[in-house]
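As given, the protein sequences belong to chains A and B, one line each in that order.
Just so we're aligned: the first sequence equals residues 334 to 500 in the working numbering.
Just so we're aligned: the second sequence equals residues 6 to 393 in the working numbering.
Treat the hints with caution; some may be incorrect.
[To be verified] Think about it this way: if two alpha-carbon atoms lie no more than 20 Å apart in a straight line, the pair counts; the simulated SDA-like pairs of lysine to any residue are:
#: 1; chain 1: A; residue 1: K481; chain 2: A; residue 2: R495
#: 2; chain 1: B; residue 1: K295; chain 2: A; residue 2: E368
#: 3; chain 1: A; residue 1: K369; chain 2: B; residue 2: D313
#: 4; chain 1: A; residue 1: K494; chain 2: B; residue 2: E36
#: 5; chain 1: A; residue 1: K431; chain 2: A; residue 2: E412
#: 6; chain 1: A; residue 1: K347; chain 2: B; residue 2: S298
#: 7; chain 1: A; residue 1: K481; chain 2: A; residue 2: A389
#: 8; chain 1: B; residue 1: K305; chain 2: A; residue 2: E342
#: 9; chain 1: A; residue 1: K388; chain 2: A; residue 2: K431
#: 10; chain 1: A; residue 1: K492; chain 2: B; residue 2: G37
#: 11; chain 1: A; residue 1: K478; chain 2: A; residue 2: I400
#: 12; chain 1: B; residue 1: K309; chain 2: A; residue 2: E368
#: 13; chain 1: B; residue 1: K350; chain 2: A; residue 2: L500
#: 14; chain 1: B; residue 1: K350; chain 2: A; residue 2: R495
#: 15; chain 1: A; residue 1: K337; chain 2: B; residue 2: K305
#: 16; chain 1: A; residue 1: K492; chain 2: B; residue 2: S53
#: 17; chain 1: A; residue 1: K492; chain 2: B; residue 2: D313
#: 18; chain 1: B; residue 1: K295; chain 2: A; residue 2: D453
#: 19; chain 1: B; residue 1: K379; chain 2: A; residue 2: E365
#: 20; chain 1: A; residue 1: K481; chain 2: A; residue 2: E422
To be clear, the hints were calculated from the coordinates, so they are not data collected in a lab.
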Amino acid sequence: MNEKDRGKELEIVKILEENARISDSEIAQMVELDEKEVKGIIAELEHRGIIRGYKAVVNHDKAGIEIVQAIIDLKVSPERNMGYDAIAERIARFPEVKSVRLVSGEYDLSVLVSGKTMHDVAYFVAEKIAPLEHVRNTVTHFLLKTYKENGEIYGEEEKGKRLAVTL
Amino acid sequence: MNRMADRIAEKVRQIKGSGIREFFDIAQRMEGAISLGVGEPDFVTPWSIREACIFSLEKGYTSYTSNWGLLELREALSDAIYKESGVYYEPEGEILITTGVSEAFDLAIRAIVNPGDEVVLHEPSYVSYTSCTIFAGGTPVCVDTRVEDEFRLRADRLEEKITDRTKAIILSYPNNPTGATLSRKDLEEIADVANEHDLLVISDEIYGRLTYEGTHTYFTSLNGMQERTILLNGFSKAYAMTGWRLGYAAGNKELIEAMMKIHQYVMLCAPITAQKAALEALRCDEEVEKMVSEYNRRRKLIVKGLRDIGLSCFEPKGAFYTFPSIQITGLTSDEFARRLLKEEKVVVIPGSVFGPCGEGFVRCAYAVSHHKIKEALERIGRFVERNR
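One chain only, chain B, in its complex shape:
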């Protein structure tokens, strides 16, 4: 019999496992470690949302829902999107409830990519875009974003990567891991590129509510973009609902219908319990505002602290990440993260995990208490002092 490894599908073999998994395991087990490595809120889901979920269970809501998701939830989402962006999506046909944005992204990519199609995405970025594109048979094409541009995707660099095989652009702002946001002007320039080359856009705006200066501009609200954009969003970050796995996609009827075809066979529907809770979440604006102001205070604390240590750190205006440069230590970002964990028990994520151009940076999440941020900064300060 051949080795099992040889029987694994080629596409899957092509994807490298995370090289730092063992480092994660150490972090998970270490006593007294402070983790700035967590990509999710430290808040527990607001009580009124949890309470609504419990109530739904008491009432016996335990069945499948429509493949599209509860109509009531799609209607509420349609209203919420309209209120925030001025863009209207039909609850019937233009909105699909999914099991997190992760599923929504996978559906979107699979719905539009033919073998050999290219998908342009910016790096550093969240790790699943590249892999999902490969699983779908597409070719990811990366555009580097740079610290001197505050990690904004520049339309001219984007355009350089477009070929006649390009099918879509993936946008992910506010960005994980950099915390970068795009201005309306940046977005308009990207919209021009999409128009000119007649491309689809998948815009993952999961961190949209976590925008600290100015307000988030929905890409789909720009002139002509509603037709060619698949908007992805979900409840994980703004409502502190990561474990509920609930997201949605909104867009052109035919695109959403195509995604729905895949969704109905692989997922059937998102969990009803999470959908019931989400209905309550949409009424929790005040709780969200409170969490956002708290993140904002932490953001200022950590950015100032990192700069005081001597790490150059551009000002992130969204999500809950900072992306300081560690170049003054002369270490690679992987060495930096490993040694910092071993010597000072602080977890940060090497920037290189999010694409080669993340080398020289580390991601520090500030979704932790003030107290922990201060302690972590002290430890990082000692470490940098020894290694500069």
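So that you can see chain A by itself, here it is in the shape it has in the complex:
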């Protein structure tokens, strides 16, 4: 891929990271390609696994959706030849698990777990995660309130206070 195409591709990724619902024709205008080329590039980005999905950032409190989430810190013994990958991938397969990250510091894995009730989450951790062979220790932090998610602030939107006309 030449540098120009690479530039366009990155530009499209950035635009979609900001707003995944923007239409192909609008993207086309912004990056100066035609709509068909944009569709092609996006299909390619999906095919190569660079774009992994398109999901809305939802304020559950506002939507009245009862959901309980917790960050679980895990201490894990790495496996010979596999490091943390095998255990991390194993944990990642549970649908209750929304994200799994290897982190530095006192703990090794940071896992975000989602359930309908506190009981669900606690039960899941106790029954599915803690007993895993390489998991040595777990700490569960229930999430109490979300202020910002994925770059979106949940409070009142901050509006500029510009005059209607300035030269």
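Keeping the supplied structure of chain A fixed, place chain B upon it in accordance with the hints.
Quick look at chain B alone, frame taken from chain A:
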């Protein structure tokens, strides 16, 4: 007693108030209007800058600063200018912090103009250059720029206007209201004129960071120009800090010293709160880059949209303005703007506000969200359809 109006100084009377002020008032009050008439970013100042300002207040930084501005800020600016342009200015003596570029421009003009001196400036351009020159007792001499030249200032046209009374050239690129930029070659030709006629240059580069194709060339970086150029710049546009009123001038020691003399009596110093915030702003390159890429996307959206409507629109490569021609409607730019506001609730600025040669054009600022740009384009499209 004479009428009060007769007691107003002649120079002030000579300046006409803006003829479209009442139109602005309507726009300000109208519900559901979309304004493409705002000459400032729609972003709020990046949080880290606001936070630094709050911190400075908590720490009790509420006093005057040196008349020159905080030395720390002048040092940081000196570094920043050097990094971007390769030109070095002494933090002590060659840089003056001002209350916005507006003040810096006024100081520069007052520092160099004697009664009767001519100052050559290009039009269409920002509205205060002419008035400030008149207030300072100088005579503004305008060079038209034209759409067929993409509103670039041509050195040959500039040279035609130079007389033995010409003191300085005012340069303002990227340009408000056209969005035009000058290439390095254009600038070099202008530099040759300045050299040949031994003129000073006041270069207002407030929109320099908002350059979308290629990079901005500082006029002062051209051969021999540092000595004769007063560089003006500020924080309003690139850092979305319009209300903070902070700018600066950089140039030859004697020129800056002269400006400083005026500044210390009329302004004393720029607000310390804004200066403290500016220190943080200079560390916010990433935020600026983000805003610039966003403007660039909007620029492409609006230029394409205006062309699709049938308005001919040259490609602006800087600032956040487009300057489409409205000639196909047969309306004057003032009529166009008034009727568009009344009939479709969209604010654009008549090109004629920025000089007679802006007639036949309107300024559409794209410092608004995609959503609003799209809605505004639809409304303008309907209006043009009815009036072509």
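Results of checking the hints against the structure:
no. : hint             : verdict
1   : A:K481 to A:R495 : 25 Å, violated
2   : B:K295 to A:E368 : 24 Å, violated
3   : A:K369 to B:D313 : 19 Å, holds
4   : A:K494 to B:E36  : 15 Å, holds
5   : A:K431 to A:E412 : 23 Å, violated
6   : A:K347 to B:S298 : 10 Å, holds
7   : A:K481 to A:A389 : 14 Å, holds
8   : B:K305 to A:E342 : 17 Å, holds
9   : A:K388 to A:K431 : 13 Å, holds
10  : A:K492 to B:G37  : 16 Å, holds
11  : A:K478 to A:I400 : 11 Å, holds
12  : B:K309 to A:E368 : 14 Å, holds
13  : B:K350 to A:L500 : 19 Å, holds
14  : B:K350 to A:R495 : 17 Å, holds
15  : A:K337 to B:K305 : 17 Å, holds
16  : A:K492 to B:S53  : 17 Å, holds
17  : A:K492 to B:D313 : 31 Å, violated
18  : B:K295 to A:D453 : 41 Å, violated
19  : B:K379 to A:E365 : 17 Å, holds
20  : A:K481 to A:E422 : 27 Å, violated
Hint check: violations occur at hints 1, 2, 5, 17, 18, 20; the rest are consistent with the structure.
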